[in-house]
Structures are given as C-alpha cells and as structure tokens.
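So the protein sequences, as listed, match chains A and B. For the first sequence, the working numbering begins at 1 and goes up steadily by one. For the second sequence, the working numbering begins at 1 and goes up steadily by one.
Simulated from the structure, these hints should not be mistaken for lab results. Be careful, since some hints might not be right.
Said to hold, decoys possible - Here are a few chain B residues that face chain A, going by a calculated C-beta distance under 10 Å: (1) Glu55; (2) Arg225; (3) Glu232; (4) Ala237; (5) Glu238; (6) Gly241.
Keep in mind that this is a model prediction, so the values were computed, not measured. Even for Gly, the Cβ is constructed at its ideal location relative to N, Cα and C.
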Amino acid sequence: MSEPHMETPEELDRANERPVDEAAPTGNPGGATTSDSVRGEDVLLEVDHVTLRFGGVVALNDVSFSLRKGEIFGLIGPNGAGKTTCFNAMTGVYRPTSGAIRFQGESVVGKKKHEITRGGIARTFQNVRLFPEMTALENVMVGADAHHKTSVLSALFRLPRFWQEEKSGRARSIELLRFVGIAHRAGDVSRNLSYGEQRRLEIARALATNPTLLCLDEPAAGFNPAEKEDLLRLIRKIRDTGVTVLLIEHDMRLVMGVTDRIVVLEFGKKIAEGTPAEVRDNPAVIAAYLGVPTDAA
Amino acid sequence: MSEKANFRENGGVRGWFGRQPTWVRSVVVAVALVLAFLLPYAGDVPLIGPQIVTEGIDWPSALFNMSYYVLLALGLNVVVGYAGLLDLGYVGFFAVGAYGTALLTSPDSVLYADTGWKWLMAVPVALALTMVAGLVLGWPTLRLRGDYLAIVTLGFAEIIRIFATSTTTLRGDRGFASIPHPPGEWGGKPIFGVTDAVPYFWLGLVVIIAVILGVRNLDRSRVGRSWLAIREDEEAAEIMGVRTIKYKLWAFAIGAFIGGLGGVLFAGEQGFINSQTFVLQFSILVLAGVVMGGSGNMAGAILGGALISYIPDRLRGISLGDTDLYEYRFAMFGLVIIIIMVLRPQGLIPSRRRAMELKDREKEVAPQ
Ligand SMILES: Nc1ncnc2c1ncn2[C@@H]1O[C@H](COP(=O)(O)OP(=O)(O)O)[C@@H](O)[C@H]1O
Ligand SMILES: [Mg+2]
Numbered sequence: 001m002s003e004p005h006m007e008t009p010e011e012l013d014r015a016n017e018r019p020v021d022e023a024a025p026t027g028n029p030g031g032a033t034t035s036d037s038v039r040g041e042d043v044l045l046e047v048d049h050v051t052l053r054f055g056g057v058v059a060l061n062d063v064s065f066s067l068r069k070g071e072i073f074g075l076i077g078p079n080g081a082g083k084t085t086c087f088n089a090m091t092g093v094y095r096p097t098s099g100a101i102r103f104q105g106e107s108v109v110g111k112k113k114h115e116i117t118r119g120g121i122a123r124t125f126q127n128v129r130l131f132p133e134m135t136a137l138e139n140v141m142v143g144a145d146a147h148h149k150t151s152v153l154s155a156l157f158r159l160p161r162f163w164q165e166e167k168s169g170r171a172r173s174i175e176l177l178r179f180v181g182i183a184h185r186a187g188d189v190s191r192n193l194s195y196g197e198q199r200r201l202e203i204a205r206a207l208a209t210n211p212t213l214l215c216l217d218e219p220a221a222g223f224n225p226a227e228k229e230d231l232l233r234l235i236r237k238i239r240d241t242g243v244t245v246l247l248i249e250h251d252m253r254l255v256m257g258v259t260d261r262i263v264v265l266e267f268g269k270k271i272a273e274g275t276p277a278e279v280r281d282n283p284a285v286i287a288a289y290l291g292v293p294t295d296a297a
Numbered sequence: 001m002s003e004k005a006n007f008r009e010n011g012g013v014r015g016w017f018g019r020q021p022t023w024v025r026s027v028v029v030a031v032a033l034v035l036a037f038l039l040p041y042a043g044d045v046p047l048i049g050p051q052i053v054t055e056g057i058d059w060p061s062a063l064f065n066m067s068y069y070v071l072l073a074l075g076l077n078v079v080v081g082y083a084g085l086l087d088l089g090y091v092g093f094f095a096v097g098a099y100g101t102a103l104l105t106s107p108d109s110v111l112y113a114d115t116g117w118k119w120l121m122a123v124p125v126a127l128a129l130t131m132v133a134g135l136v137l138g139w140p141t142l143r144l145r146g147d148y149l150a151i152v153t154l155g156f157a158e159i160i161r162i163f164a165t166s167t168t169t170l171r172g173d174r175g176f177a178s179i180p181h182p183p184g185e186w187g188g189k190p191i192f193g194v195t196d197a198v199p200y201f202w203l204g205l206v207v208i209i210a211v212i213l214g215v216r217n218l219d220r221s222r223v224g225r226s227w228l229a230i231r232e233d234e235e236a237a238e239i240m241g242v243r244t245i246k247y248k249l250w251a252f253a254i255g256a257f258i259g260g261l262g263g264v265l266f267a268g269e270q271g272f273i274n275s276q277t278f279v280l281q282f283s284i285l286v287l288a289g290v291v292m293g294g295s296g297n298m299a300g301a302i303l304g305g306a307l308i309s310y311i312p313d314r315l316r317g318i319s320l321g322d323t324d325l326y327e328y329r330f331a332m333f334g335l336v337i338i339i340i341m342v343l344r345p346q347g348l349i350p351s352r353r354r355a356m357e358l359k360d361r362e363k364e365v366a367p368q
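Input sequences plus hints: build the corresponding full structure.
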C-alpha cells in the first residue's frame with residue numbers, strides 16, 4: 001500500500017517496535033508539575049494558557065499542559081470541571097477565548113473540525129454519537145474516508161481510485177472492528193449494538209481516521225469492572241500501535257492503572273499535574289474528589 | 001466474517017436479491033427493464049390491464065407524466081432522503097431546467113436571434129444552469145437545518161415563480177411556445193412528434209435508468225456515506241473528517257441536476273411552458289411522493305413519484321352519482337396519502353434503516 005495512512009494496526013505495530021516508553025518520563029524524577037518540563041522535541045500537543053468562557057461561565061481558566069508522543073495521558077476532575085470543553089477546544093468545536101493550542105507545533109485554533117481530524121486528532125464522545133442508522137462497518141468507513149481522495153466524479157463513474165480506496169478502506173475498517181473486538185457486528189445497524197459495543201465502535205471509527213492523538217471522553221462510563229478491565233487492555237493496545245492517547249476519566253482508579261501522566265482540573269482550573277502516584281497524594285486533588293471544600297458530586 | 005458479506009441488512013426481497021448469483025440478478029433486472037419499456041401496452045394485458053388503463057386515461061401521456069415525476073422524486077430523494085436537507089422548493093429546479101431550454105430554443109425568447117438552438121443543444125446548458133441554481137440555493141442555506149431550511153427553499157421556489165410571472169424576458173402567462181422536440185427520425189417521420197407520447201416515455205425511462213445507476217453508484221461510495229453521516233449527526237460527521245459543506249453542496253447540485261433533467265424533458269415534450277406550469281403545489285406533491293414511497297430509498301421514490309402522478313389520472317372519468325371524481329382528485333389524493341401513512345408510516349418501500357428504526361420504536365413502546 002503506497003499511502004502511509006492505510007496501515008493496519010498490525011503494520012503500525014511493526015513500524016513501532018521501539019519501546020513506547022522511550023519517550024516516557026525517565027528524566028522526570030522530581031515530578032512534572034509544569035508543562036515546561038516536557039522536552040520540546042517530544043511534545044505532541046500543547047495547551048497553552050487556554051481560557052474558554054461561555055457567557056459568565058469560565059469553563060477553562062488559564063489551563064496549560066503538554067502531551068508527549070506515545071504516552072497515555074489522563075485528564076481528570078469532577079463533573080463540570082471542563083474536561084469535555086477541553087476536548088471541544090482541541091477538536092475545533094469551540095474556539096478558546098484566549099490562549100493557544102498547538103498540535104505538532106501547528107496551531108489548531110480556527111481550523112475546521114474536519115481539517116483537525118485529518119491533521120491527526122481523533123476523538124470519541126462522552127455521550128456516544130455514532131451514525132445510528134448506518135451499520136457498524138459503515139460507521140468505521142466514514143472515519144476511513146477522512147483520508148480518501150475519491151471524488152464525486154470517480155464515485156459516479158466508478159473510476160479505478162474508487163475501487164482501490166473502497167477495497168482498502170473496507171479491509172482496514174474490518175481490521176479495526178476486529179481490533180476493538182466487535183467484528184461480528186460489522187453488518188448490524190449501530191443503533192442495535194449494545195452500549196459497550198457502541199463505545200468500542202466509536203473507538204474504531206476514531207482510529208479509522210488514522211490519528212496521531214486519540215482523545216477518549218469517559219470511554220468507561222457505565223461499564224462494570226470486567227468491562228473496564230477489557231477497555232484498559234484495549235487502550236494499552238492502542239498506545240502500543242504508536243497512537244498517543246488522551247483519556248478523560250471519572251474513575252480515579254481506572255486512570256491510575258493506565259496513564260503515564262495526569263492533569264487534574266477543577267472548576268476550569270488545573271489543580272495538579274504529574275504521575276498517577278504524585279497526583280494521588282496531592283491534597284488539592286483529594287479535596288476535589290472528596291468534595292472538600294465544595295461539594296462537586 | 002466474510003469480507004464479501006453484504007454490509008447492509010439482508011432481509012426481505014432485497015436480501016433475497018442480494019444473495020442471488022450475478023446471472024440471476026441480471027435476468028431479474030433485464031426482465032424488469034423489458035416490462036418497463038412495454039408499459040405503454042399495459043392496457044392489452046387481460047384482466048388487470050383495463051383496471052390500470054381506464055377509459056378516461058390518456059395512457060401514453062400519463063406514462064410520460066409519471067416519468068418526469070419519478071425523475072423529480074429521485075432527485076428530491078437525494079436531497080431529502082440521503083442528505084437529510086428538507087427542500088420544499090424543489091420545483092424551482094424543474095422550472096430552471098424548463099425555462100433554460102425555452103430561452104435557448106423558443107422563437108418567443110429574446111435570445112432566439114442569437115441562439116435558436118435545437119433541443120439537444122440546449123440540454124447541457126440548461127442542466128448546467130440548474131446545477132448553478134442548486135449551488136446558489138445551497139450556498140447561503142448551508143448553515144440552516146430542518147424547518148429553517150424548508151422555509152428558505154420554499155421562498156426560493158416562489159422567487160423563481162414570481163420572477164417568471166413578472167419579468168418580460170420570462171413572459172409570464174404568455175409563456176414560450178414552439179419549443180423544439182428532441183431529435184430523431186424513424187421511417188422518414190420524426191420520432192418525437194406531437195401526437196404520440198410513447199417515445200417521450202421511453203426517453204424518460206432511459207434517463208431514469210441512467211439516473212438510478214448514477215445515484216446508486218454515489219450511494220454506495222464515500223459520497224453516500226458522507227450524506228448519511230450528515231443526515232444522522234452533522235457535527236459528529238465533520239469531527240470524523242467529513243467535509244460537510246462540500247457534500248451538502250453536492251447534494252443540492254445533484255438534486256438540482258436531476259430536477260433540471262425533468263424540466264428539459266417536460267419542455268421538450270410539451271413544446272410550451274408558462275409561469276402557471278410551476279406552482280408550489282408541485283413541490284409539495286413530489287415531496288409527498290418521496291415520503292409516501294419511502295424516503296432515503298430509490299425504489300420507494302420511484303413508486304411514490306409514479307403514484308402521485310398516476311392517482312389523479314386514474315380518477316379521470318370515474319363518476320360517483322353525478323360528481324366526477326377527478327374534480328376531487330386532490331381530496332382523494334390526500335386521503336390515499338393519509339391511509340398509506342397510517343398503515344405504513346415508513347413508506348411503501350421503506351429504506352431499510354428507517355424501517356428498522358420504526359420497528360424498534362414499536363418494540364420500545366410495546367408492553368413486555
Ligand atoms: N455549550 C456550552 N454552553 C454553556 N456552558 C457550557 C457549555 N459546555 C459546557 N459548559 C459548561 O462548562 C463547564 C464545564 O463543562 P464540561 O467541559 O462538560 O465538564 P466535564 O466534561 O469536565 O464534566 C460546565 O459548567 C458546563 O456547564
Ligand atoms: Mg464531560
């Protein structure tokens with residue numbers, strides 16, 4: 001396959017045999033409490049003093065953090081802390097009131113949503129947003145189409161490019177359905193999938209856009225412990241294919257088990273940043289999660 | 001699972017059809033095509049023939065009318081059924097196609113001295129014009145959805161009609177006469193004359209087949225997927241990399257093109273058009289046909305388009321006491337639509353997706 005974005009997860013795997021941890025925090029003994037401690041060349045995404053207001057509500061208040069290539073990064077905080085808003089700012093849904101967001105050194109602010117996706121940021125939604133009347137396979141193929149070049153005319157007259165991309169896109173989509181473990185539902189309309197399958201399908205659809213950075217918005221919400229365990233395995237598997245993962249999660253224990261670094265938000269403000277161990281012992285975080293001083297259920 | 005497995009549902013007749021080997025499918029399609037071309041002789045079929053082709057019907061004309069209604073339904077189905085853009089002004093494109101043809105060919109046109117073209121020469125230009133009209137309507141309405149879009153498109157059709165009524169160039173009621181017929185001769189006589197509508201029906205049928213093939217190809221490609229994704233969740237579609245603006249514009253342009261095809265055929269058959277030809281009711285009828293047949297599904301659009309044209313014709317010459325039912329055709333027609341929508345809310349030939357959606361809702365409300 002000539003186009004690099006058509007790699008299957010297996011191929012990505014092979015291309016990525018260097019240990020992913022190479023980029024991870026070896027030189028990070030004192031605990032990274034500011035984003036400046038991330039070495040420049042490793043930075044994938046930079047959220048730089050971002051403030052985002054909705055009228056009177058300050059959903060993000062001067063938030064800064066950076067993601068390194070190849071890590072699993074946790075974004076946690078109580079409900080209403082601004083986590084989803086942060087995703088929305090990164091993916092072009094909302095425009096920050098001030099501040100910058102740079103992905104691979106390039107600003108994403110003001111870019112169109114589909115441009116940002118094609119640039120390498122993919123996401124899932126906190127409330128599943130599949131295309132309900134399309135089959136699971138078609139849902140994933142919409143993601144795969146992001147990098148296709150078949151024009152309306154070549155689709156109309158079934159020119160060679162149409163056949164070639166349809167075939168490769170389809171194969172890759174089936175591969176991804178297998179990767180997330182729901183290949184047997186490929187032909188089913190996505191609204192008929194179980195809740196857990198729908199969450200997995202969303203991940204497959206996002207992966208189909210061939211992202212460098214995958215953002216998961218509470219992917220384990222509503223899961224039982226066994227399902228959560230499966231999901232963690234999947235997230236690690238995704239990271240092992242070379243995709244950087246940004247994970248929003250509510251469940252502290254889940255995040256602790258899988259992430260390399262964590263940023264904690266509360267009321268739109270970053271209150272802590274560091275490794276899971278550091279964050280766990282941080283008094284501000286404990287206060288935020290135990291509902292002290294405010295009751296943020 | 002097999003890579004060749006059809007990735008859409010496999011229920012019912014369509015499922016059966018999809019599972020057949022290629023030769024069976026080819027035979028079925030060929031038989032259907034032959035039957036379609038033989039429709040002008042449907043009246044000769046014993047028993048059912050006279051039920052379909054009643055005394056009061058000018059059957060060849062009725063068939064031709066059906067053919068352009070079917071074209072319009074197919075085009076509107078792309079816009080409404082696939083892309084989910086509620087367009088109430090679809091007749092506008094039909095009008096642009098017909099007026100484009102008239103302006104370029106009729107001796108009544110101000111352009112006649114410079115153009116005075118044959119019908120066939122005018123066709124590509126008139127069609128290009130309708131596509132431009134589609135973009136002109138599509139561009140400013142891109143941000144609108146649902147009800148708002150419906151209102152703006154309604155306005156668009158009215159603007160075209162009022163324009164046609166009140167500008168001297170478009171001649172209002174006086175209209176354009178002597179629009180040439182399509183070309184061709186058979187045994188020294190023109191194929192497309194004024195007495196026999198059958199050749200026009202056949203021409204319409206050929207165009208319909210081409211449109212079906214084209215739309216089917218688009219539907220089963222990234223274009224169709226993009227349209228569906230936009231219909232289902234526009235923002236999620238864009239976040240998954242779909243260029244929503246581009247595909248919405250294409251839906252408008254392709255829908256307009258197909259509507260324009262109806263218009264040029266209509267002008268070529270009638271030889272005369274005026275501003276009375278393109279009433280709003282027409283748009284509503286076509287939309288009713290699409291919904292009645294089964295929105296988002298070509299077979300449904302074809303059936304719906306044919307029925308909205310056929311039902312009023314079928315009522316011709318039938319009297320109940322001393323009232324001619326044809327007088328009450330729209331009331332009857334409304335009644336038929338209501339009955340169909342009550343009995344089959346998903347349309348006569350539902351889109352698989354829509355059918356499933358409704359079935360599931362029934363399950364949800366049904367007591368355990
Ligand atoms: N579109 C919006 N309009 C107004 N306020 C919003 C909007 N989206 C989010 N907010 C507000 O921003 C704050 C952060 O919300 P959100 O990012 O969804 O939190 P989280 O995902 O961390 O639970 C909340 O107070 C929420 O009410
Ligand atoms: Mg949220």
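Going through the hints against the structure:
Among the interface hints, the one on Glu55 (chain B) is violated; its C-beta lies about 44 Å from the nearest C-beta in chain A, farther than the 10 Å criterion. Checking Arg225 (chain B) against chain A by beta carbon gives a least distance of about 5 Å; that is within 10 Å, so the hint holds. The beta carbon of Glu232 (chain B) is positioned within 10 Å of a beta carbon in chain A (closest approach about 4 Å), and the interface hint is therefore held. Interface hint at Ala237 (chain B): satisfied, since its Cβ lies 7 Å from the closest Cβ of chain A, which is below the 10 Å cut-off.
The interface hint given for Glu238 (chain B) is met, as the beta carbon of that residue sits about 4 Å from the closest beta carbon of chain A, less than 10 Å. Here the hint on Gly241 (chain B) is kept, as its CB sits about 3 Å from the closest CB of chain A, short of 10 Å.
Violation of the numbered hints given earlier is confined to hint 1; every other hint is satisfied by the structure.
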